[in-house]
Each structure stands twice: as structure tokens, then as C-alpha cells.
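**Student:** One letter stands for each residue in the lines below.
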Amino acid sequence: MENGKKLYLYPLWLRIWHGINALGILVLIFSGISLHYSTRGALLLRFDIAIAVHNIAGVIITFNYFIFILGNILTKNGQHYRVKVQGLPKRLMKQILYYTSGMFKGESSPYPVTEKRKFNPLQKYSYIFVMYIFLPALIVTGIALLFPEMIIEKVFRISGVMITAVLHGILGFFVFLFLLIHLYVASMGKPPGKNYKSILTGWHS
Amino acid sequence: MRFFVRTLFLLCFSVIFCAISSPGQNTTEQNQTCLKCHASQTYTLYNDWTEKEEKRLMNPFYILDTVQLAGGVHHAFNCIDCHSMDYETYPHDSELKLEPMMTCIDCHGGDPTYQDWQFDRIEEEFHKSVHYETHGDQFSCSKCHNQHYYRPTARNSNSIREIVNYSNEMCLSCHDNMTMYQLVSDSTKPKLVDVHSWLPNQELHFKRVRCIECHTEVQDSLMVSHNILKKELATRNCVECHSSNSILQASLYKYQNLKTRSEDGENSQKSILGLFTINRSNKNLSNTYYVIGASRVPYLNTIFAIIFFAAVGGIAVHTILRILKK
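Protein chains in written order, with UniProt numbering: chain A, 1 to 205; chain B, 1 to 326.
Only chain A is shown next, with the shape it has when bound in the complex (with noise of 0.2 Å):
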């Protein structure tokens, strides 16, 4: 944002694929938990409906990564996922310091949204983390545990199912965590709800 301009930063296809991202991320992290730590006493939801809500949810959320993929080659959205090595360590200790110390100090964000820099070094890197490793890695897991057989035996004496399981598992606990320090970092707009407005109205104010 540049001389208090209204920057239309979130095209609606881009919040339409965010919307389903998110409430389909919440389902599969509620199913998750579910059948991870499954009890006899109804903890979150009952192990068979966990199954299928987990299942139907992960289905959505492929589907919907595509899009998100085929947006990004299509539109200019993707120039904001472009890694720049150069300089990056010493970027994103600028902005750590900046979340750490100098917003306390009422210093102004050593990356301001622009048009053509929609996340600071810190976002964009973890969303690169999250969107082009980390999801298609749980994709991938997911499918394999959709359709075991497919999975190898065993690799080094362990169950292919465990390893494909686990890291799944690893992947989506690692989704949860981003999901909180996202919502949290969502916050830190002028007003607190401000940046929670822009991505459902597509503007930045």
C-alpha cells in the first residue's frame, strides 16, 4: 500500500481457491486429529465419519490445489511465489527483527505491501514452504493412504503404510502450525481485522 491507495490485491478466483483452502485445511485438521488419537469416547468426531469427511475433504483440497497451481502459471499471481536467493538470509532477518522488536518500537514494516510485493520475505517463503512443498507432499501421502496397495511393503523393515502415515501426519501437524501462526500474523494489520477483511473483499487498504 503506497500513499493510503486501495491496492485490489486478491482477484476473486484467488479468494474463491483461499476459502476452500481454508474451511477444507480446518476439516482435514479436525478429521485428522480425530483418527490420529481415536478414542472409545467420542473425542472429536466418530472414527468412521472422521474417515469419510477426512477423504471427501482431502479429495477437494487436490482438486483445489490445482487450481491454484494452473492460476498462478495463468495470472500474475505466481510472480509472488518467485525465489530470490540473493540477499534472502539478510531479508528475512530484517523482517524477524521487525516482528521481534521494531514493531514494539512503533518502527513502519521494513516491507510494506505494494502491488507487486504483496508478502514480506517471511510470508512468502513460508507460503512457498507450505503451498509448493509441503502440500503436495501431503497430497501425495494422502492419496498413497487413500489407496494403500499402492504403497510399498516395506522399507527397511518398517511398513511402507507406517513411514507414508507418519510423514503425513509430520505434513499436516506442520499445515496446522502454519495455519495458527497465519491467523495470528493475519492480525497484525492497522485495525487487527483489516488484513481478515481484504482477502474476502480483495482489497488492501
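Since the hints were derived computationally from the structure, they do not count as laboratory data. One or more of the hints may lead you astray.
So the derived list for chain A, only partly shown, Cβ under 10 Å to chain B, looks like this [stated by the list, open to error]:
1. Y37
2. R40
3. F104
4. Y184
So these bits of chain B aren't anywhere near chain A, every CB distance computed over 10 Å [said to hold, decoys possible]:
5. L45
6. G72
7. F77
8. C82
9. E95
10. H108
11. D137
12. L172
13. D186
14. S187
15. P200
16. Q219
17. D220
18. N237
19. Y290
20. V312
Think about it this way: if two alpha-carbon atoms lie no more than 25 Å apart in a straight line, the pair counts; the simulated SDA-like pairs of lysine to any residue are [said to hold, decoys possible]:
21. A:K5 with A:F119
22. A:K94 with B:L324
23. A:K190 with B:E162
By construction, the Cβ of each residue, glycine as well, lies at the ideal position given by its N, Cα and C atoms.
Take the given structure of chain A and dock chain B to it, following the hints.
**Tutor:** The following block gives chain B in isolation, referenced to the frame of chain A:
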């Protein structure tokens, strides 16, 4: 006379020696007479009417698989140990078909030699089962346990897959075979795939767990639960298995042979593979099997909890600082 005594002595000695030294071989030899026909597709008999030797096809249900027979738990037995001695006469008397067959309990029941096998308890449990309730004595042990080929797989095998296959084959030999099913029922055999349509990942369940896991009342103190329940009473509650307190611990994964294998094998691989050791309280659920909800990796759960609370704590501290420095 001296020659006669010497011959008689030699004959007696050789008979005793043979009986002591090689009972297996002796048994095999004796059984060979039976197997000459009963391990063959055809048999030859002299037809008194035509006064000719005739070759006929053997009833396929009376043909024995000699390889399976040799691997069976009763391989050292003579055929006539269980079947009537009158079978030694050939052609057999057709009335012999009606002879009451020996049951497992006839030999194994009330005998301290077989105490570890708990045959009497198995019989008690079986008498409560739907099979006995519906068919009474018509339903004998042999309906499931083929005495000719039976192998105590659950006791001896170190492969869950083999134990599951072997056990399920017993059920499927009737429940997936109309011919055999008709032996005990006049109704049409229900299609297993249809009646289990509610079960998610049906194929995987059929391959990885035994029918008896859901269709019996689990008895932790009994090697294999024999109280087969009515279909209405079969468990449909997923968390019976899919939970940290899985009933599979008291059934499929309880066997000492698997536990020993686990201790000797997988668990000796420490380092990074040690991370995959499941549920500390459940050593038998080794890292070679995965059951959703039951297979929890305690180290990972601890790490998850630490990271989660650290993140929540960090967010809380950051929020407080934001409020204070506003």
C-alpha cells in the same frame, strides 16, 4: 528247528527295531497304501460283474494333497488312527462312509499332554458360538480345521500376513464357497463384499485382519477366540481396533511368536528406526504394521506437543506485547 527259531527271532527283532527307529517312515509307508488312490485323480478296482479291472475317477473331495498333508500337524498319524480299520479292506465297504468321524476332543480333550492348547476351553467357547447354536454337533471342528492339513499358524508363524490368510481361508472355505456352505445351510450364501459394504477400505481389511477379529468375542487368555458371534453381534465399532487401546493387542498382535520376532528383529534396529516404535505400552504392535489410531509414535506426539505449546506460547507473549506497546 534252529533255523526256524533264528528266523523268528530275527523277524521279531526287525519288527521291534523298525517300530522304534522310524515310526514316521513306517506311518508314511502304511499311508502310502491309502494315498496310492487318495492322492490320485483315478483309482483301479476289480469289477466282479464284468470281471475286469476298471479305472475310475476319484471323487475330488476324497483326493488328498500330499504336500499339505506332510506339512500338517497330524502328518505322523496313520490314516487308520482316525479312520476305521475296516478301510484296510479294498474295495471299501460303502457302509463305512456312515461311520462317525473322530473329533478333535476325542484325542485332545481332558488330556494333560495338550493342556497348553486349552482344547476344553476352546470347546466351551465353541459351544457358545453361532455355528454350534445353529447346527449343533453337525458342526464339528473339521468344518473349519481340516485335520489332514491343519497347521497351528497363529502359534508358529512369524508373519501376520500368513496368520491372517490362513485364518480367513478357514472362514472363506464355506462363506465364499456355495458348495461347502450348502453342507450346513439351505439358504443362499450372502455375498461377503455386499454384507461388508459398510466397511471402509474393505479389501485392505480382508487382507490385514482376520474375520474373527470382529466376529468373535475376544478372549485374551485364549490363543484364538472360538466364540463366533451372530452377525448382528459382530463389532462395527471402528475404534475397537482403531484406538490406542486396540483389541488387536488382545487378538492378532498378542502372539508370543510375533513378539519374539519383533524383539529379535525390528527392535534391534535402533537409531532413526527406533523413532517408529509404536505405543510404548503395546510392544506387540510392531513397526511393521500400521493401524490408524492405534499406531502412535510416542516420540513424535511429544515433539508435536512441545512445538504446539511453544507456538501458542509465542503467539500469546507476542499478543500481550502488542497490547502493552500499543
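**Student:** Next, verify each hint and record whether it holds.
**Tutor:** The hints, checked one at a time:
| no. | hint | in the structure |
| --- | --- | --- |
| 1 | Y37 | holds (7 Å) |
| 2 | R40 | holds (5 Å) |
| 3 | F104 | holds (4 Å) |
| 4 | Y184 | holds (5 Å) |
| 5 | L45 | holds (50 Å) |
| 6 | G72 | holds (29 Å) |
| 7 | F77 | holds (37 Å) |
| 8 | C82 | holds (40 Å) |
| 9 | E95 | holds (52 Å) |
| 10 | H108 | holds (36 Å) |
| 11 | D137 | holds (38 Å) |
| 12 | L172 | holds (19 Å) |
| 13 | D186 | holds (34 Å) |
| 14 | S187 | holds (29 Å) |
| 15 | P200 | violated (5 Å) |
| 16 | Q219 | holds (19 Å) |
| 17 | D220 | holds (17 Å) |
| 18 | N237 | violated (8 Å) |
| 19 | Y290 | violated (4 Å) |
| 20 | V312 | violated (7 Å) |
| 21 | A:K5 with A:F119 | holds (17 Å) |
| 22 | A:K94 with B:L324 | holds (23 Å) |
| 23 | A:K190 with B:E162 | violated (64 Å) |
Violated hints, listed in ascending order, are 15, 18, 19, 20 and 23; each of the other numbered hints is respected by the structure.
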